[in-house]
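Novice: I would like the entire structure built from these sequences, with the hints used as guidance.
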Amino acid sequence: ATKLTIATVNNGDMVRMQSLTDDFKAKNPDIDLEWVTLEENTLRQKVTTDIATKAGQFDVLTIGTYEVPIWAKKGWLVPLDNLGANYDVDDLLPPIRAGLSLDGKLYAAPFYGESSMVMYRKDLFDKAGLKMPEQPTWDFIADAAKKITDKDNGVYGICLRGKAGWGENMAFLTAMSNSFGARWFDEKWQPQFDQPEWKNTLNFYVNLMKEAGPPGAASNGFNENLALFNSGKCGMWIDATVAASFVTNPKDSKVADKVGFALAPNNGLGKNANWLWAWSLAVPAGSKKADAAEKFISWATSKDYLNLVASKEGWANVPPGTRASLYANPEYQKAAPFAKMTLDSINSADPDHPTVKPVPYTGVQFVAIPEFQGLGTAVGQQFSAALAGSSTVDAALAAAQATATREMTKAGYIK
Amino acid sequence: MARRITTTRRITATAGGWLAGFIIFFPILWMVLTSFKTELDAFSTPPQFLFFHWTTENYGIVQHRSDYIHHAMNSIILALGSTALGLLIGIPAAWAMAFAPTKRTRSTLLWMLSTKMMPPVGVLVPIYLIYRDTGLLDTHGGLIFIEFMANLPIIVWMLYTYFKEIPKDILEAARMDGATIGKELLYVLTPMAIPGIASTVLLNIILAWNEAFWTLNLTTVNAAPLTVFIASYSSPEGLFWAKLSAASTLAIAPIMVLGWFSQKQLVRGLTFGAVK
Amino acid sequence: MATKQSTTLGRILSAPSIILLFLWMIVPLAMTIWFSLLRYNLLDPGQESFVGLLNYQYFLTDPAFFTALFNTLILVGSVLVITVVGGVLLALLMDQPILGRGIVRLMVIAPFFVMPTVSALVWKNLLMHPVSGLFAWIATLIGVQPIDWFTNVPLFSIILIVAWQWLPFATLILLTALQSMDEEQKEAAEMDGTPALSFFIYMTLPHLARAITVVILIETIFLLSVFAEIFVTTGGGPGLQTTNIAFLVYAQALLQYDVGGASAGGIVAVVLANIVAIFLVRLIGKNLDA
Amino acid sequence: MGKIELVGVEKTFGSVNVIKDVDLTVEDGEFVVFVGPSGCGKSTLLRLIAGLEDVTRGIIRIDGLNVVDLPPAKRGLSMVFQSYALYPHMSVRSNIGFGLKMAGMPKAEIAQKVEAAAAVLNLTPYLDRRPGQLSGGQRQRVAIGRAIVREPKAFLFDEPLSNLDAALRVNMRLEIARLQNSLGTTAIYVTHDQIEAMTLADKIVVLNAGQIEQVGSPLELYEHPQNLFVAGFIGSPKMNFVTGAAAEKRGATTIGIRPEHVATSQTSGEWDGVVSVAEHVGSDTFLYVTVPEIGDITVRAVGELALKPGERVFLTPDSTHIHRFDRDGKVIVQ
Amino acid sequence: MGKIELVGVEKTFGSVNVIKDVDLTVEDGEFVVFVGPSGCGKSTLLRLIAGLEDVTRGIIRIDGLNVVDLPPAKRGLSMVFQSYALYPHMSVRSNIGFGLKMAGMPKAEIAQKVEAAAAVLNLTPYLDRRPGQLSGGQRQRVAIGRAIVREPKAFLFDEPLSNLDAALRVNMRLEIARLQNSLGTTAIYVTHDQIEAMTLADKIVVLNAGQIEQVGSPLELYEHPQNLFVAGFIGSPKMNFVTGAAAEKRGATTIGIRPEHVATSQTSGEWDGVVSVAEHVGSDTFLYVTVPEIGDITVRAVGELALKPGERVFLTPDSTHIHRFDRDGKVIVQ
Ligand SMILES: Nc1ncnc2c1ncn2[C@@H]1O[C@H](COP(=O)(O)OP(=O)(O)OP(=O)(O)O)[C@@H](O)[C@H]1O
Ligand SMILES: Nc1ncnc2c1ncn2[C@@H]1O[C@H](COP(=O)(O)OP(=O)(O)OP(=O)(O)O)[C@@H](O)[C@H]1O
Ligand SMILES: [Mg+2]
Ligand SMILES: [Mg+2]
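Taken in sequence, the protein lines are chains A, B, C, D and E.
If you count the first sequence from 1, position 180 lands on 962 in the numbering used here, and the numbers rise without skipping.
If you count the second sequence from 1, position 124 lands on 106 in the numbering used here, and the numbers rise without skipping.
If you count the third sequence from 1, position 244 lands on 249 in the numbering used here, and the numbers rise without skipping.
If you count the fourth sequence from 1, position 184 lands on 354 in the numbering used here, and the numbers rise without skipping.
If you count the fifth sequence from 1, position 110 lands on 280 in the numbering used here, and the numbers rise without skipping.
Hint data in this document are derived by calculation from the structure and do not stem from the laboratory.
What you are looking at is a predicted structure, and each value in this text was computed from that prediction instead of being measured.
Using N, Cα and C, we set each Cβ at its ideal position, and we do this for glycine too.
Treat each hint with caution, since some may be false.
Unchecked claim - Straight-line distance between alpha carbons at most 25 angstroms, and here's what the computed DSS-like set of lysine-lysine pairs gives:
(1) K283(D) to K191(C)
(2) K785(A) to K809(A)
(3) K9(C) to K190(E)
(4) K1070(A) to K807(A)
(5) K323(D) to K191(C)
(6) K165(B) to K244(E)
(7) K373(D) to K190(D)
(8) K150(B) to K244(E)
(9) K190(E) to K500(E)
(10) K408(E) to K408(D)
(11) K271(D) to K191(C)
(12) K244(D) to K271(D)
(13) K9(C) to K146(B)
(14) K478(D) to K408(D)
(15) K478(E) to K373(D)
(16) K277(E) to K165(B)
(17) K165(B) to K271(E)
(18) K165(B) to K283(E)
(19) K9(C) to K150(B)
(20) K500(D) to K419(D)
As the list claims (entries may be wrong) - Quick list of the computed label-pair ranges, beta carbon to beta carbon:
(21) A144(C) to N333(D): 58 to 68 angstroms
(22) Q62(C) to Q1115(A): 52 to 62 angstroms
(23) L1(B) to L78(C): 25 to 35 angstroms
(24) A289(E) to D442(D): 29 to 39 angstroms
(25) D496(D) to Q282(E): 47 to 57 angstroms
(26) G209(D) to I176(B): 22 to 32 angstroms
(27) E321(D) to E188(C): 19 to 29 angstroms
(28) A433(D) to S489(E): 24 to 34 angstroms
(29) K1122(A) to A144(C): 40 to 50 angstroms
(30) T66(C) to Y1195(A): 10 to 20 angstroms
(31) T182(D) to G402(E): 49 to 59 angstroms
(32) D496(D) to G480(E): 38 to 48 angstroms
Specialist: See below:
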């Protein structure tokens, strides 16, 4: 039998997939599956080291929209041409598909996709006499956050990511900055942190969090905010759409029945502050088991798989954000109140034109260049310092500008 | 000092001791408690101390989700293997340094320790490339070797300080009795040093057990020990505290039990000759 | 036993470990030095080119470098101070007639067995979290503003976690040393009418000197490369407040995949560690000999 | 002043009664030596007096004051330990002065007293060394210096010389004797060395299994041991004990005769034996003679005696020095 | 067979010359004792013979064969260490049999030899104990058992009795003497105990600072010391040395007279002094007498002598026992 070693991230949907592989085994008795399930950062390190050194330890990789275009360009991934007759590639949501393709070829199949949106507490809004528009502006968000903040009772108007990291606070802040008209680089790869758009973004963020955010925000990431929101400490939370299924799950959340959803806010500039991400399955170039690997990918990202999950675990637990057909399914709409909002959010993101002004890169909440992980983390540290109050906004921006200029020069983008 | 110990002193000392012990142990206790909570209870405020809904479902999920036994076996193989190799190479070296010292012995020992000062991440890529080319990635052998190398300085040093306590008369007596060096090591030194060797073994098992950098970066499936098992529970997406607590409890339980049962040995060995 | 024969044998027997360790040091080190002179990004294979000392220049002029250096020293120094002082106090306490001393000792040893990642996660999320953590709850209970640990005192928080992990180690060594104190000497001091505090200053502390030395030496070796705790809790932030050299090198190696830069950083770290080591050996070498 | 009285002192460790109802008076200025076999309770008794152990029962009076509830430091005694128990990290000067410093004496005064004590003990050149840099004898002197500088009511010594080699032991013994003589301080001294006990003591206390067997001056004990135990314990080489006919003839169960009180002859004598070992130590010759029906008899003869193993020899005990004991081992007074 | 010859043996540690050009012959079956002050090189010399240290220069012959390049095991010698150096983890039986096992002797034979050795040493009941469960004397016997069972060409003893208490020391001394006598094996024995040396040795080698001062039988050394060092070293209490007029009168720079060769009188004598210390040890009395212009003289007098410190006494050296030394400390032969 062929043995596939699959590297995967330990998010809920992936874990669920592992428990459903009997179905795959039944259909492909000659393929054995072996799982390496890791926390996201560790996984990324391992997978990257493995593929960059061509060590060939994995047959299927779980990677994100950040890696796919970079790696595809390097020829490290096998184009997925043999996903099978009834795979229906065209059913994939266009922004997601665009994020995973290079020159029209699909290099990774999306397992689940996500964008970001506003999650808010309907009960608190009602109490404050507020009504959340479907498409809020930042000013409305700030205003509402201040109104519902009740620090004495441990209720904070808004929870946002603050922990330093390219995939933590910078994911949120990059997306937010897009809606403020900011950009990381101009067409000549000159960093833009010295521009007013970034200053506005960061000032707004820091002030908002100071007035209406929870303590310790500078070390809060997705999980910390999820815990805060679920325990009723947050009035609003702007974060990944996958969170929707957690906050509405009565087993995990105290506020499951009080949550409302809205699109990520904008500033009237034509870009929303939402991102686009898809955890996807890909096959490393040089894999001797590419056929089997593609078979597996096809199974895991197919419509049938969605049905399989629905039949075993209910529609609410189906991996979201990849196929248009899912959102057309009335059963799914019924089971997932957040379905429409998720779809709208995803569709409003444009990885190829993420910003108001033109940029030389793709990627919504990241810049799809290899240097971004390091650079994003370094800048993220500066911004978290501004949030923590150990540095000013101006100082943080200046430091970010200096770091970015340095790194980009070193990497040879700036000649 | 065998004067009567007053009751007050005993009471104060007992109260103070238990308080300090409790405070230090508390994070672990809290972790264990959390592992029996639902995710919702795990972060509820005010915190639930004992009167929460006790559940073992986290352990069930952990067991179901990943192969604890497989990882635990790997941890055991790794810990024992690297320690055994360390003893095999370390005992003769420590013997030589303790009983046939040269002028350079002291600097050699310090040099050995200094090899531990390189941050592992700085040499990750070279090691990774070497391992890739020698086919050692994700093999027990490869992992055992690297843990062995990482701990060898500590092994040699501990054994050295321990051997130095053994009267060299006895080794000389063996020599007069006609024992060769090999037999001297086998029949006389090693049996006499059993307590010291035992504590060396223990410390190394603990170090190898808890080592998280190489084990994470050089393994995938076959040789993955419990550190990898843990790494699959600190999810950046989703609620995981109770499950992580359960996984962590499982991961440290064997070593904790081992350590507790043999704490006397451990204490001895840990002293690195600091105590005469 | 200083016969030619045994000296020769000694050389032969210590050779395997010395050679192995030498190779283990020199091969990666040589490769690292070589890489540090290249422009070598793991994500750009085949594009390596010789750039001389450029990587060093970048690493050393990185504004983060001096902060990281400073943080490393603060971290190592503070943890040493806390564990040594705390260890001495705890050892003194454990030396008292405690009922159930065995169990208390078990509780005190326990943190030593916990993996660094686990302890960092437990501390960060279950204890120190300013909203849902236990400390925050205690603070509200007694009516004070909960401390926002990782925002206001990030480095101190890391120090606290690391110190917690190493406290048992120090305590154990110091306790054993304490118990090895000569009974007759204690009695002599008793005959001299030494009050408890004087006894501690004039007898206990000097007696512990050697044990303290060992604690410092061993802990320093491990503390110089503290990494997991930082990675899990603060990611080196906010700002650079918790970035140490090991984390900086990590960022180069596993975020940027800049092998050249990371290698230069690694070499710098080795040089720094050896400076610290030389300093330490100077400081305490004679104490170890005795 | 330093009169020490023990009345009905008992000490139990757990359930073991180590000191059994001891009554003893040590007069001011007296030099008292405790001897006895290993484990008989010598050290324990000394430590009870020092206050390092609590008595289980009984009274200890120092200058008339019952001290059983006082801590060691308050009893005004100094102790010299077998292991010296010097403070290894302090200079000789600080070692000697430590007790005074603890007593809160001004520095200048301490310095002066330490100098004086050092002068007495010939330690002046070593005052700034650490104990580790001293020889055994010098260390012992430091320990003594530490004891005398506090001008205690009494010195307590627990086998202070047993870690020294033979030659040094002789010297230090003389020094201790001289010192105690000149200071006139009460001293209690534990040893299991015959010679030390005999040469140092004004009064020897023979202990056995936690009880006092006999108290008296060295010569009293040598000449008039009150029982078999004391007779066998005091004197070296050991007294010869003879039972059976030879004893009955003298109206005793056992008779004892010291080796130095047996006359040898190559022609005639009371007992007729064969030399098994002859040890010539220059000044003396020790003969081990096997006498049929009597047993092995040790004899101390003159140095130049030319007897060889295997030779026949006649022995005659000096009848004025024969000790007679009854069935219970008690001496029979004529 | 076990004749040991040392020719021009030297040993340097680093730059320190510890053994200087030693020539010595130990005849087969002889019992030779090395004595000398601490640090004079006794142990080192023994270890050179054993092969535990390399000689720096010179030849060591055992039965005519130069062994300097042979490892200890091949020299056919047995050694008994001061610390006994028993293997703590082995039973007495294994301890004694270890050497035979290493030599590859069949098990049955080992068992038999061990039993035999144990019987000789009264160790049979303890054969299955560990050394830790034995008393000091028993341990020492095991160490000896380990040495004899291998039927070596010679025994080497390095202060084997110094860790025992006085009474045991006497017994073990006798046992060793008997054993060596009956086995007839060559023995080299290091001690710093006078009595041991005098009683055990056929031949005593007096070492000082790495050199041999004198070799001879115990009585030879006692009666005819060839220099001041040997004169002062052999004999206890130490010989009195007198310089100045009293010596010149007898045509010497220094004269020596042993304490046992000085007569006391309360009425008249050659020297007139004052008793400073009188030690009564029962059988003897040692007087320390201060004689103006001559110095302190130690005198051994009869046991019952009733002289007190401070009393006047007259001393007369026995002229037949006066030793005369020249300016270089060499004896002047009449
Ligand atoms: N702390 C203790 N606990 C229990 N038993 C003890 C303690 N100290 C002494 N003993 C016992 O009391 C008895 C007397 O001991 P002690 O030390 O007084 O003897 P000693 O006469 O000084 O002997 P030695 O000549 O060997 O020093 C011994 O049997 C000893 O085992
Ligand atoms: N391994 C060594 N390295 C350097 N010097 C040494 C060594 N062994 C012994 N010595 C020195 O050689 C000299 C003789 O030592 P040795 O042990 O032979 O003396 P000893 O006569 O046995 O003394 P003691 O009676 O104290 O045992 C001493 O000055 C000692 O310090
Ligand atoms: Mg005692
Ligand atoms: Mg010696």
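Novice: Each hint: holds or not?
Specialist: Verification of the hints:
Of the pairs offered as hints, the one joining K283(D) and K191(C) holds, with about 23 angstroms between alpha carbons and a cut-off of 25 angstroms not exceeded. Taken as a hint, the K785(A) and K809(A) pair is honoured in the structure, with Cα atoms around 15 angstroms apart against an allowance of 25 angstroms. At roughly 20 angstroms between alpha-carbon atoms, K9(C) and K190(E) fall within 25 angstroms of each other, so this suggested pair holds. For the proposed pair K1070(A) and K807(A), the alpha carbon gap of about 20 angstroms is at most 25 angstroms, so the pair holds.
The suggested pairing of K323(D) with K191(C) holds, with an alpha-carbon distance near 21 angstroms, which does not exceed 25 angstroms. Restraint check for K165(B) and K244(E): satisfied, since their Cα atoms lie roughly 15 angstroms apart, inside the 25 angstroms limit. Pair hint K373(D) plus K190(D) holds up; C-alpha atoms about 20 angstroms apart against a cutoff of 25 angstroms. The hinted pair formed by K150(B) and K244(E) meets the criterion: a straight-line CA distance of about 20 angstroms does not exceed 25 angstroms.
A hinted pair counts as satisfied when its Cα atoms are at most 25 angstroms apart, and K190(E) with K500(E) qualifies at roughly 20 angstroms. In summary, the hint linking K408(E) to K408(D) is supported, as the alpha carbons are separated by about 24 angstroms, within the 25 angstroms threshold. Note on K271(D) and K191(C): the hinted pairing holds, with a Cα-Cα distance of about 16 angstroms set against a maximum of 25 angstroms. For the hint pairing K244(D) with K271(D), the CA-to-CA distance comes to about 15 angstroms; that is within 25 angstroms, so the pair holds.
Under the criterion of a C-alpha separation no larger than 25 angstroms, the hint pairing K9(C) with K146(B) is consistent with the structure, at around 20 angstroms. A C-alpha spacing of about 22 angstroms is found between K478(D) and K408(D), which places the hinted pair at or below 25 angstroms, so the restraint holds. Restraint check for K478(E) and K373(D): satisfied, since their Cα atoms lie roughly 16 angstroms apart, inside the 25 angstroms limit. For the proposed pair K277(E) and K165(B), the alpha carbon gap of about 17 angstroms is at most 25 angstroms, so the pair holds.
Straight-line distance between C-alpha atoms of K165(B) and K271(E) comes to about 11 angstroms, which keeps the hinted pair within the 25 angstroms bound. A hinted pair counts as satisfied when its Cα atoms are at most 25 angstroms apart, and K165(B) with K283(E) qualifies at roughly 22 angstroms. About 17 angstroms separates the Cα atoms of K9(C) and K150(B), which keeps this hinted pair within 25 angstroms; it holds. The hinted pair formed by K500(D) and K419(D) meets the criterion: a straight-line CA distance of about 18 angstroms does not exceed 25 angstroms.
Between A144(C) and N333(D), the C-beta spacing of about 60 angstroms keeps the proposed range 58 to 68 angstroms intact. A C-beta distance of roughly 59 angstroms is found between Q62(C) and Q1115(A), which places it inside the suggested range of 52 to 62 angstroms. Hint check: L1(B) to L78(C), Cβ distance near 33 angstroms, so the stated range 25 to 35 angstroms holds. For the pair A289(E) and D442(D), the beta carbons lie near 31 angstroms from each other, so the given range of 29 to 39 angstroms is met.
Under the hint 47 to 57 angstroms, the C-beta atoms of D496(D) and Q282(E), about 49 angstroms apart, fit the expected range. At about 31 angstroms, the CB distance of G209(D) to I176(B) agrees with the hint of 22 to 32 angstroms. At about 26 angstroms, the CB distance of E321(D) to E188(C) agrees with the hint of 19 to 29 angstroms. Between A433(D) and S489(E) the Cβ separation comes to about 28 angstroms, which falls inside the hinted range of 24 to 34 angstroms.
At about 42 angstroms, the beta-carbon gap between K1122(A) and A144(C) stays in the expected band of 40 to 50 angstroms. Checked against the hint of 10 to 20 angstroms, the C-beta distance between T66(C) and Y1195(A) comes to roughly 19 angstroms, which is consistent with it. Checked against the hint of 49 to 59 angstroms, the C-beta distance between T182(D) and G402(E) comes to roughly 51 angstroms, which is consistent with it. D496(D) and G480(E) have their C-beta atoms about 42 angstroms apart, which keeps the hinted 38 to 48 angstroms range intact.
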